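*Asks:* Sequence:
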Amino acid sequence: MQISRDEVAHVAWLARLALTEDELSRYAEQLSGILSHVQRLQELDVADIPPTAMAVEAEGNVVRPDEPRPSWPQEAILANAADIEAGFFRVRAILEESA
Numbered sequence: 030m031q032i033s034r035d036e037v038a039h040v041a042w043l044a045r046l047a048l049t050e051d052e053l054s055r056y057a058e059q060l061s062g063i064l065s066h067v068q069r070l071q072e073l074d075v076a077d078i079p080p081t082a083m084a085v086e087a088e089g090n091v092v093r094p095d096e097p098r099p100s101w102p103q104e105a106i107l108a109n110a111a112d113i114e115a116g117f118f119r120v121r122a123i124l125e126e127s128a
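The opening residue of the sequence shown carries number 30 in our numbering; numbering runs sequentially from there.
It is possible that part of the hints are untrue.
[Said to hold, decoys possible] Here are the in silico distance ranges between beta carbons for each label pair: (1) GLU126 with SER54: 38 to 48 Å; (2) LEU70 with VAL40: 20 to 30 Å; (3) ALA110 with PRO79: 37 to 47 Å.
If you are wondering where the hints come from, they were derived from the structure by calculation, not from laboratory data. Keep in mind that this is a model prediction, so the values were computed, not measured. Beta carbons: idealized from backbone N, C-alpha and C, even for Gly.
Generate the whole structure from the sequences, applying the supplied hints.
*Replies:* Rendered as C-alpha cells:
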C-alpha cells in the first residue's frame, strides 16, 4: 500500500507536527513499507492458531509493576495543546449523549 506525501502532510497537520519536505517524503516511503508488511501479515491463514496475549512463552509476569512514579509537569504537557479547559485538553465531542 502506498502512502502519499500529501497524506503524511495531512496527518502531520492533524497532529500539529511541523515536517520538512525531506521528512514528508521519507515518512511516506517508510509508512508505505510498514503498511506493505502489514498487508502481507493480513494475507496469512491464521484460522488454526489460537488467540494469545504474547507471541512467545514467558516465565512469570514480565510486565513491570503498575506503581506511581514522577511524571512530566502538567504545564509542559499542555504547552502545545490547541485548547485547554480547567487544566485538561479540550477536544471536540465525538459521541452523542444518550438519554
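*Asks:* Please test the hint of 38 to 48 Å on the beta carbon pair from GLU126 and SER54.
*Replies:* holds (43 Å)
*Asks:* Please test the hint of 37 to 47 Å on the beta carbon pair from ALA110 and PRO79.
*Replies:* Holds: the Cβ-Cβ distance is about 43 Å, inside 37 to 47 Å.
*Asks:* Determine whether the Cβ-Cβ distance between LEU70 and VAL40 falls within the hinted range of 20 to 30 Å.
*Replies:* holds (22 Å)
When each numbered hint is compared with the structure, no violation occurs for any of them.
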